[in-house]
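Participant: Put the two chains together into one complex; each comes in its own frame, and the hints tell you how they fit.
One letter stands for each residue in the lines below.
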Amino acid sequence: MRYKIFLLTMISALFISSSGCIPTRDFEFIEDAIRSDLHSDIHLKTNFKFSFGPVSISTIRLFVDLADADNEAEMYLKEIKRVQIGVYEVRHNRFGKGRVRIPLKVRDKLEEMDYELFINARERGEHVNLYFKELNRYFSSLYIIVFEDDELVILEVRGNLENMIEKAIQEHGVPGDPKMKI
Amino acid sequence: MKKLTIVFMLFIFCIPFVSAQDYTKHPGYVDFGDLDELQDVEETVEVFIRGPLLRFVSKATRNEDPNLADLLDGLLLIRVHAFEVTPDNEKKVNNLIKDISNKLEGKKWERMVRVRKRDEKAEIFTQFGKNDELTGLVVLGYEDRDEAVFVNIVGRIDPEQLGKLSGKFNIPSLDSVEIEYKNKKE
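For the protein sequence lines, the chains are L and U, in the order given.
Per our numbering, the first sequence runs over residues 1 to 182.
Per our numbering, the second sequence runs over residues 1 to 186.
In case anyone wonders, no lab produced these hints; they're calculated from the structure.
Fair warning: this is a prediction, and the values are worked out from it, not measured in the lab.
Ideal Cβ positions, reconstructed from N, Cα and C, are used throughout, including at glycine.
Some hints here could point you the wrong way.
As the list claims (entries may be wrong) - Stretch-level coverage of chain U by chain L, calculated; a stretch enters the list once three of its residues show a Cβ under 8 Å from a Cβ in chain L: (1) 36-45; (2) 48-54; (3) 100-114.
What the hints assert, rightly or not - Distance ranges between label pairs, derived from CB positions: (4) L:His43 to U:Glu42: 50 to 56 Å; (5) L:Glu126 to U:Glu133: 20 to 26 Å; (6) U:Glu160 to L:Arg61: 27 to 33 Å; (7) U:Pro87 to L:Lys81: 47 to 53 Å; (8) U:Lys91 to L:Arg124: 38 to 44 Å; (9) U:Asp175 to L:Glu74: 42 to 48 Å; (10) L:Arg61 to U:Asp144: 23 to 29 Å.
As the list claims (entries may be wrong) - Taking lysine-lysine and the DSS-like style, the derived pairs with C-alpha atoms no more than 30 Å apart in a straight line are: (11) U:Lys98 to U:Lys121; (12) L:Lys105 to U:Lys25; (13) U:Lys130 to U:Lys164; (14) U:Lys130 to U:Lys117; (15) U:Lys107 to U:Lys164; (16) L:Lys81 to L:Lys105; (17) U:Lys25 to U:Lys98; (18) U:Lys164 to U:Lys59; (19) U:Lys91 to U:Lys108; (20) L:Lys81 to L:Lys109; (21) L:Lys167 to U:Lys164; (22) L:Lys133 to L:Lys49; (23) U:Lys59 to U:Lys25; (24) L:Lys167 to L:Lys78; (25) U:Lys182 to U:Lys121; (26) U:Lys25 to L:Lys78; (27) U:Lys92 to U:Lys108; (28) U:Lys164 to L:Lys133; (29) L:Lys81 to U:Lys59; (30) L:Lys97 to U:Lys91; (31) U:Lys59 to L:Lys167; (32) U:Lys59 to U:Lys108; (33) U:Lys25 to L:Lys109; (34) L:Lys97 to U:Lys164; (35) L:Lys133 to U:Lys92; (36) U:Lys182 to U:Lys164; (37) U:Lys121 to U:Lys103; (38) U:Lys130 to U:Lys108; (39) U:Lys92 to L:Lys109; (40) L:Lys133 to U:Lys25.
Chain U with its partners taken away, still in its complex shape (with noise of 0.2 Å):
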């Protein structure tokens, strides 16, 4: 019985523990494959916000903006890959965009946003769980030709705050996200 017990407690404490490293088993998280040759580059920017991370930036925000605190504490990981697009990689960048799309429309994400203009991409994919809350959303894309970017949001995302975290983390584009989603909802 005491074994048993242990046992259950040592469940117990694990289970917080696992959820909050394992995002790679979220639903919301995308493998985006290997990224390596394409960011072998002069200008390249990765950036990998976990856990705690995001809870200090969350205790960091609370006083200036408690929404956007609130929508920090719900998340799990921010990633986001940015790099120069040159002449060289220009063509794997697209088929990448290409790929990863394709990927995300089979696997049932919503495509939130497309631009397709001749020196501009961009497609912003939304993954919905339970409840219609919203638990991960991608951006590819590119501007002027120049710098491609690469994000992964992951965890409950509140789609209204959308526009604050891309102001905190000048991540492009997620503003219109938050435009559609209020406009899907009038």
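If we strip away everything but chain L, and leave its shape as in the complex, we get (with noise of 0.2 Å):
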């Protein structure tokens, strides 16, 4: 009975750690850092947030492929290995309106944490700022934050993301390109 509670006790944890349920310190850190820099007219209400790591991606990835919808999810998911996000509604009175803005801590705290600036874009109500790390010169994860009037959504995604990010740019262009579709 003992060695089973044990086994099952392991199981559970095992399960817990490696499908990354739990949102990070980091994570936790930058939504943190978004509230406490908050303007005082302005509050948050969390909407969703979760994390997926690489046991609920495969979970997704096998519904995907047996659902045999979209063979390009599924070349993206393969190569993805974590996903966390957070979607908030944001509440505010009539003079917090306009008003959102990413602090420059979260920017400190990326970059202590080897991530990059790309874009940083800000116009009355709405913020955006996109983030790649790179890792022997390959892109290993990134940040996009994108913090509107009525709406902050912080998206972490882990993995190999060149493919991805070849493809958006094939497809988006680069800020400033004529071309560029959002």
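Facilitator: Listed below in structure tokens is the structure:
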């Protein structure tokens, strides 16, 4: 009996740790940094926050594979190791509108984690940051933070992102490109 | 002997990696200083296109424009800062343009273009390396007292293709460098 409980505990622990259901400390830091720097008239309500690790992604891949729906999606999923996403509702009174801003300490933290800023674009009511991390001259992870008047999205994707980024550049171009489509 | 071989192999492996990554030590790189205060306005855009991303853009462009793809292959960094000019930061923007221009002149950068009008200011500097190869380019300025732009392009630059780069990344004034360079050549 004791042996069975031990085995069950070990399997559960292994599943939880490898499924990546719990957002990492870095992800929490980014969220906290934004929360702590909010304008006093703005509040965030978490709509959805989840982390997908290798086990969850393999399961999703299995379903995509079974559904035989989208080969492209399956190809990307094969190369993704982890996805963390947080979607938050932005609540504000009339004074808070247009004052959303990603604080500089987010950039400091990500740069400390070897992420490099690719785009930082801000206009009234919208602030977007996109970071990439390289490992041996290949893209190993990215962070996208989109802070708008009504919604905040924080997304982290880890894995071999070469094909995904190449495809994105081919299809959407780069900032400044008159042909760029978002 | 074995250790020496391993160290040698590591050294060889690290050369392209270090040289590709450390563009801040490249003679064409310019530190614009702290722009955070100036960028504390409603509208601002910063874009940093470095090594691997340039590789992707080059690959995506090759079929359409092989000359532009070749130019992109030689670059290490395209850095663009664009932000609103307001009555609050206008003086600081002017001072910064002046400071950076003085610094570049002191470092023997060549001034290619200078525009000083009531509502428009532009300074373009170029850095030539060995064999008269263009290795760095800086654009500083604003138009209609509306949007200021600070640009630094680092790497091996073909001046005759700069107009295309201007179109691709919407960087102002680069075509004037191309024209100036062609005039000089003739």
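Participant: If a hint holds in the structure, say so; if it doesn't, say that too.
Facilitator: Quick rundown of the hints versus the structure:
| no. | hint | in the structure |
| --- | --- | --- |
| 1 | 36-45 | holds (count 5) |
| 2 | 48-54 | holds (count 6) |
| 3 | 100-114 | violated (count 0) |
| 4 | L:His43 to U:Glu42: 50 to 56 Å | 22 Å, violated |
| 5 | L:Glu126 to U:Glu133: 20 to 26 Å | 41 Å, violated |
| 6 | U:Glu160 to L:Arg61: 27 to 33 Å | 48 Å, violated |
| 7 | U:Pro87 to L:Lys81: 47 to 53 Å | 49 Å, holds |
| 8 | U:Lys91 to L:Arg124: 38 to 44 Å | 23 Å, violated |
| 9 | U:Asp175 to L:Glu74: 42 to 48 Å | 44 Å, holds |
| 10 | L:Arg61 to U:Asp144: 23 to 29 Å | 52 Å, violated |
| 11 | U:Lys98 to U:Lys121 | 11 Å, holds |
| 12 | L:Lys105 to U:Lys25 | 26 Å, holds |
| 13 | U:Lys130 to U:Lys164 | 24 Å, holds |
| 14 | U:Lys130 to U:Lys117 | 35 Å, violated |
| 15 | U:Lys107 to U:Lys164 | 28 Å, holds |
| 16 | L:Lys81 to L:Lys105 | 26 Å, holds |
| 17 | U:Lys25 to U:Lys98 | 23 Å, holds |
| 18 | U:Lys164 to U:Lys59 | 16 Å, holds |
| 19 | U:Lys91 to U:Lys108 | 26 Å, holds |
| 20 | L:Lys81 to L:Lys109 | 22 Å, holds |
| 21 | L:Lys167 to U:Lys164 | 22 Å, holds |
| 22 | L:Lys133 to L:Lys49 | 22 Å, holds |
| 23 | U:Lys59 to U:Lys25 | 26 Å, holds |
| 24 | L:Lys167 to L:Lys78 | 15 Å, holds |
| 25 | U:Lys182 to U:Lys121 | 23 Å, holds |
| 26 | U:Lys25 to L:Lys78 | 38 Å, violated |
| 27 | U:Lys92 to U:Lys108 | 24 Å, holds |
| 28 | U:Lys164 to L:Lys133 | 28 Å, holds |
| 29 | L:Lys81 to U:Lys59 | 25 Å, holds |
| 30 | L:Lys97 to U:Lys91 | 29 Å, holds |
| 31 | U:Lys59 to L:Lys167 | 11 Å, holds |
| 32 | U:Lys59 to U:Lys108 | 34 Å, violated |
| 33 | U:Lys25 to L:Lys109 | 23 Å, holds |
| 34 | L:Lys97 to U:Lys164 | 39 Å, violated |
| 35 | L:Lys133 to U:Lys92 | 33 Å, violated |
| 36 | U:Lys182 to U:Lys164 | 15 Å, holds |
| 37 | U:Lys121 to U:Lys103 | 17 Å, holds |
| 38 | U:Lys130 to U:Lys108 | 14 Å, holds |
| 39 | U:Lys92 to L:Lys109 | 28 Å, holds |
| 40 | L:Lys133 to U:Lys25 | 20 Å, holds |
In summary, the structure is inconsistent with hints 3, 4, 5, 6, 8, 10, 14, 26, 32, 34, 35 from the numbered list given earlier, while agreeing with the others.
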